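**Q** Spelled out, the chains give:
There are 2 protein chains.
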Amino acid sequence: MASEHTAKAFDSDLQELTRLVAEMGGLVERMITESVDALIRRDVALGKRVVAADIEIDNLQRVIEERAVLTIARRQPMAIDLREIVSAMRVATDLERIGDLAKNMGKRVAALESDFQPLKLIRGLEHMTDLVLSQVKSVLDAYAAHDLPAAMNVWKGDEEVDAICTSLFRELLTYMMEDPRNISFCIHLMFCAKNIERIGDHATNIAETVFYMIEGQQITDKRPKGDMTNFATTVPGN
Amino acid sequence: MASEHTAKAFDSDLQELTRLVAEMGGLVERMITESVDALIRRDVALGKRVVAADIEIDNLQRVIEERAVLTIARRQPMAIDLREIVSAMRVATDLERIGDLAKNMGKRVAALESDFQPLKLIRGLEHMTDLVLSQVKSVLDAYAAHDLPAAMNVWKGDEEVDAICTSLFRELLTYMMEDPRNISFCIHLMFCAKNIERIGDHATNIAETVFYMIEGQQITDKRPKGDMTNFATTVPGN
Numbered sequence: 001m002a003s004e005h006t007a008k009a010f011d012s013d014l015q016e017l018t019r020l021v022a023e024m025g026g027l028v029e030r031m032i033t034e035s036v037d038a039l040i041r042r043d044v045a046l047g048k049r050v051v052a053a054d055i056e057i058d059n060l061q062r063v064i065e066e067r068a069v070l071t072i073a074r075r076q077p078m079a080i081d082l083r084e085i086v087s088a089m090r091v092a093t094d095l096e097r098i099g100d101l102a103k104n105m106g107k108r109v110a111a112l113e114s115d116f117q118p119l120k121l122i123r124g125l126e127h128m129t130d131l132v133l134s135q136v137k138s139v140l141d142a143y144a145a146h147d148l149p150a151a152m153n154v155w156k157g158d159e160e161v162d163a164i165c166t167s168l169f170r171e172l173l174t175y176m177m178e179d180p181r182n183i184s185f186c187i188h189l190m191f192c193a194k195n196i197e198r199i200g201d202h203a204t205n206i207a208e209t210v211f212y213m214i215e216g217q218q219i220t221d222k223r224p225k226g227d228m229t230n231f232a233t234t235v236p237g238n
Numbered sequence: 001m002a003s004e005h006t007a008k009a010f011d012s013d014l015q016e017l018t019r020l021v022a023e024m025g026g027l028v029e030r031m032i033t034e035s036v037d038a039l040i041r042r043d044v045a046l047g048k049r050v051v052a053a054d055i056e057i058d059n060l061q062r063v064i065e066e067r068a069v070l071t072i073a074r075r076q077p078m079a080i081d082l083r084e085i086v087s088a089m090r091v092a093t094d095l096e097r098i099g100d101l102a103k104n105m106g107k108r109v110a111a112l113e114s115d116f117q118p119l120k121l122i123r124g125l126e127h128m129t130d131l132v133l134s135q136v137k138s139v140l141d142a143y144a145a146h147d148l149p150a151a152m153n154v155w156k157g158d159e160e161v162d163a164i165c166t167s168l169f170r171e172l173l174t175y176m177m178e179d180p181r182n183i184s185f186c187i188h189l190m191f192c193a194k195n196i197e198r199i200g201d202h203a204t205n206i207a208e209t210v211f212y213m214i215e216g217q218q219i220t221d222k223r224p225k226g227d228m229t230n231f232a233t234t235v236p237g238n
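Protein chains in written order, with full-length UniProt numbering: chain A, 1 to 238; chain B, 1 to 238.
Misleading hints may appear alongside valid ones.
Pairs count within a copy or across copies, as identical chains cannot be separated in the list.
Cross-link-like lysine-lysine pairs, in silico, DSSO-like; alpha carbons within 30 Å at most [to be verified]:
| hint | residue 1 | residue 2 |
| --- | --- | --- |
| 1 | 120 | 107 |
| 2 | 120 | 48 |
| 3 | 48 | 156 |
| 4 | 107 | 8 |
| 5 | 48 | 107 |
| 6 | 8 | 120 |
| 7 | 137 | 120 |
| 8 | 156 | 120 |
| 9 | 156 | 8 |
| 10 | 48 | 137 |
| 11 | 8 | 48 |
| 12 | 137 | 156 |
Just so you know, the hints here were simulated from the structure itself, not pulled from any lab data. Remember, predicted model here, so these are calculated numbers, not experimental data.
When you get a sec, could you build the whole thing from the sequences and use the hints?
**A** This is the structure we're talking about:
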């Protein structure tokens, strides 16, 4: 960048972008918590609030994209500076998708008519959500602090979430086999479990963005995968 | 842009970006066709080829993002020129997501063990895929040709896809209620139907990007929605 003035202007642009991403991250974390709370407590009103909150997330993503693009055009940053801006855009894209997934869970609350709600399933869903939420929090902290080891911990930790998701899917299949009246409910919960798993995938995407931002290259290692839900057709009693 | 030289360099950058997006679009269209063909014909090898093709899509998205960012930094485009570059990035993001959804369907082929395959379901899935594929093709043509009316047709046409998806979900639920041995198979098909519906959503996202590119503002109208699958719990026999 040409002058001290430009460098200062860039720093201020970058600070504002980082602030916006942090704001978006906070809102998205709340959406995850509230959507699963709404599901578990059958709180239709809370589900609707999550759906409504997604508009704010979409707007924030647009604002971040616009500001990032303007910063690139005005300040012509290079190397790490350019990667910082691109990373803010990428993280915002992942957060926007997480918002969509939470919104989809919020929508499903109204559809859960049955009283059927085995405690084991609920605990499984809560456990999975806690793990994923802590991943999202950790990776956003790692992004803000430029902490590569912390980001890599999140990147490696996705395996456990995938394993819980697979076991939850097996459980849900069993309930569906046992009584057709459980089917609708269990399908909604399957889609929700899959959504939470996907939120975990976005946390690992953000970890990859932190790697790119700091190291200046895309991560090439293959991530450990515990996900078997695409193949989990071997069901007890089948 | 400052000089004639810069203007020419920009045009050449933009042409290359547009070419890359078109290439990505062609690959993604093939992935959609092949993933559903693989599902219907239980062609596990074809399913695996779709999964493998996704790497190329991910790489293309990164290339488009990198070139777009470099073009913005080097040429400092304004107004419509800047929107062209941002739009290429946005379309690439949606295409990458479509690739993921097709890949997910490709993965599921190996899991469809049962011989159960009612013709009505297959026809429904094919019909939905044809509609969505024609939307993806039309919107990519509209993007390449800067044809706003054509893009708006795609934007409005999503309703039919959502309605077919809802009816397919009802059908699948009926089969699951009838015989527990159908459950695993039907769940895979539900996730596939939902994936195809989401591909349709990405086509409408691209239509919104065309609107933004040409009009210089985000679309604000609410899109017609025929999707009831989040709420489709009223099942025959329930």
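**Q** Hint by hint, note whether the structure agrees.
**A** To see whether the hints hold, each was checked on the structure:
{"no.": "1", "hint": "120 to 107", "verdict": "both (23 Å within a copy, 29 Å between copies)"}
{"no.": "2", "hint": "120 to 48", "verdict": "within (26 Å within a copy, 35 Å between copies)"}
{"no.": "3", "hint": "48 to 156", "verdict": "between (34 Å within a copy, 25 Å between copies)"}
{"no.": "4", "hint": "107 to 8", "verdict": "neither (45 Å within a copy, 49 Å between copies)"}
{"no.": "5", "hint": "48 to 107", "verdict": "within (7 Å within a copy, 33 Å between copies)"}
{"no.": "6", "hint": "8 to 120", "verdict": "neither (55 Å within a copy, 64 Å between copies)"}
{"no.": "7", "hint": "137 to 120", "verdict": "within (26 Å within a copy, 45 Å between copies)"}
{"no.": "8", "hint": "156 to 120", "verdict": "within (27 Å within a copy, 43 Å between copies)"}
{"no.": "9", "hint": "156 to 8", "verdict": "neither (36 Å within a copy, 46 Å between copies)"}
{"no.": "10", "hint": "48 to 137", "verdict": "within (24 Å within a copy, 34 Å between copies)"}
{"no.": "11", "hint": "8 to 48", "verdict": "neither (43 Å within a copy, 51 Å between copies)"}
{"no.": "12", "hint": "137 to 156", "verdict": "within (15 Å within a copy, 38 Å between copies)"}
Checked against the numbered hints above, the structure violates hints 4, 6, 9, 11; every other hint is satisfied.
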